[in-house]
Amino acid sequence: MGRVVVTEFVSLDGVMEDPGGGEDFEHGGWSFAFDRGADGNEFKTGETMDADAMLLGRVTYEGFAAAWPGREGEFADKFNTMPKYVVSSTLENPGWTNTTVLSGDLVEEVTGLKERHDGDLIVHGSAALAQALLEHDLVDELRLMVFPVVLGKGKSLWASTSDKKTFKLTDAQTVGEGVQTLVLEKR
Amino acid sequence: MGAMHVHEFMSLDGVIDAPVWTFEYGFDPKMGEAIGAVTGRSNGILLGRATFEMFEPSWSTRTVEDDPGAPFFNDTTKYVVSSTLTDPTWRNSEVIGPYDADRIRGLKDAVGDLYVSGSITLVRAMLADGLVDELHLCVYPLTRGAGPRLFPEDAAPSKFSLAGSESYDNGVLYLNYRTQA
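Taken in sequence, the protein lines are chains A and B. In this text, residue positions in the first sequence follow my numbering: the first is 61, and each later residue adds one. In this text, residue positions in the second sequence follow my numbering: the first is 995, and each later residue adds one.
So that you can see chain A by itself, here it is in the shape it has in the complex (with noise of 0.2 Å):
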C-alpha cells in the first residue's frame, strides 16, 4: 500500500506560490532569499530518491515537465524516469516521459494509485490538488519547509475543509538560515 506523501515550501503565512521562481508571481523565487543549508538540501533530495511515482495537479506538471527533460544528474534523472502521474481533466499526449494523466474521480484514481504502489507518491507543489487531497483525508504524510517571510499574497497551501485534520508531528529541524522542517503524519 503506497503512500500519498505532500510537501511544500511555505511562507510563515502559508503561501507556496512560485518558491522556485519563473512562474510570474511577484514574489517568485522567495524560498531562494533563505540558505536551506545542507540538511534542508538533503530533506529535499531524500524524499524524492525515496519516493515511487510522483503525482501532481496540471500546472505543477507543465512546470517541472518544461523545466526537468534537459537535466542531467542523480536526482534529474530520478526525476524524468519515475512515473508521474497528472490530475487533469483537460491534459492530453503528455509529453515527459512516463506520465499517465488521471481523469476520473480523484478519490478513486488515489485510492487506485495507493493500491498499485507500494512506495510514496509524491506531490510538490499543485495546490488544488493539495487541497483537494487534505479534504479527502488521503494525505499520508506531509513534509513543510517553513521560510521565516510573509508574503501577504500568493496561492495558499491552505483552503478551506470541511473539518480540522490532525496529524502527528514526527520530525521537526532548524535548517540554514532559520528554515524550519516539518514532517507530519496522518493520525
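Errors might be hidden in some of the hints.
To be verified - Residues from chain B that keep clear of chain A, each with C-beta distances beyond 12 Å, as calculated:
no.	residue
1	G1008
2	G1020
3	E1050
4	W1053
5	T1078
6	T1080
7	R1085
Unchecked claim - Taking lysine-lysine pairs in the DSS-like style, the calculated list, with each CA pair at most 30 Å apart, reads:
no.	chain 1	residue 1	chain 2	residue 2
8	A	K224	B	K1024
9	A	K246	A	K213
10	A	K174	A	K138
11	A	K228	B	K1153
12	B	K1153	A	K213
13	B	K1024	A	K246
14	A	K224	A	K138
15	A	K138	A	K246
16	A	K224	B	K1153
17	A	K138	A	K215
18	A	K174	A	K228
19	A	K213	A	K228
20	A	K228	A	K215
21	A	K174	A	K246
22	A	K213	A	K224
23	A	K174	A	K224
24	A	K215	B	K1153
25	A	K174	A	K104
26	A	K104	A	K224
27	A	K104	B	K1153
28	A	K228	B	K1102
29	A	K104	A	K138
30	A	K213	A	K174
31	A	K224	A	K246
These are computed hints drawn from the structure, not numbers from a lab. Keep in mind that this is a model prediction, so the values were computed, not measured. Glycine is no exception: its CB is placed at the ideal position from the N, C-alpha and C atoms.
Add chain B to chain A, keeping to what the hints say.
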C-alpha cells in the same frame, strides 16, 4: 525601549481563534518553561478587549496553587486596547483607549517588555505598524480548515529570523521568530 512579545497558540494553517482545540494535547511542562521565559521578562501585558474579557474569568479566580501562570496574569498590569470598555473589574487593569500605534510605542518606552496573547485584531494591527519584536508561536499538529488567521491575506510582507525552535512530546512545536528591521 522594551520589546513586544506576541504569544499565540496556532494551528498548522495559521488559525489563532480561541484555542479550545489545544486542550486534547495537554500542556507539556517544557512548553510551560518556554512561555514562562517570555512572561518572566515582561513588565506588562497588552490585550485586546475580547481576549481581556475571555482571560478575566479564567485567570482572576486562580492562584499559584491552581496554575503557576496565575500570579503573572493577576499581578502584572494589563493594558487593554478598547474604545468601549471603561471600568475593568480585573485588578491591575488599565484601559488605554482605541488602537493607537503611538500610544503603544509610548508603552514600550515606559513599561519595557510587553506580553501579548490572543488579541488577533490588535496583533494584526501591530504587525502592520512594525510594533511586534518577537513572535512566540506554539504550533499544533492539526489544520483547522476555517477560522481567523494570524497572517490574513494582504498581510504586510516582512522577514523574520528564527531565534528558537523546540518540539515537545505532545507534538507541539514552539517557534520563536524575531522581526527584522
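Against chain A, does T1080 (chain B) hold up as non-interface, every C-beta pair farther apart than 12 Å?
Correct as stated: the minimum Cβ-Cβ distance to chain A is 35 Å, above 12 Å.
Taking only the CA atoms, is the gap from K174 (chain A) to K246 (chain A) under or equal to 30 Å?
Holds, at roughly 15 Å.
Starting from K174 (chain A), check that the Cα of K224 (chain A) is at most 30 Å away, please.
holds, 23 Å
Keeping to a limit of 30 Å between CA atoms, is the pair of K104 (chain A) and K1153 (chain B) held or broken?
Given that 30 Å is the threshold and the Cα spacing comes to 23 Å, the pair holds.
Hinted pair K174 (chain A) and K228 (chain A), Cα distance within 30 Å
Satisfied, since the Cα-Cα distance of roughly 21 Å is no more than 30 Å.
For the pair we were handed, K1024 (chain B) and K246 (chain A), check the Cα-Cα distance against 30 Å.
Between K1024 (chain B) and K246 (chain A) the Cα gap is close to 25 Å, so the pair holds against 30 Å.
The output says T1078 (chain B) does not contact chain A. Does that hold with a beta carbon cutoff of 12 Å?
holds, 30 Å
Status of G1020 (chain B), Cβ more than 12 Å from any chain A Cβ:
holds, 14 Å
K246 (chain A) paired with K213 (chain A) [C-alpha distance capped at 30 Å]
holds, 28 Å
Does the structure keep K213 (chain A) and K228 (chain A) at a Cα separation of 30 Å or less?
Cα-Cα ~29 Å, so holds.
For the pair supplied as a hint, K174 (chain A) and K104 (chain A), confirm whether the alpha-carbon distance does not exceed 30 Å.
holds, 22 Å
Does the alpha-carbon distance linking K104 (chain A) and K138 (chain A) stay inside the 30 Å limit?
Holds, because 13 Å separates the two Cα atoms, which is no more than 30 Å.
Violated hints, listed in ascending order, are 1, 14, 28 and 30; each of the other numbered hints is respected by the structure.
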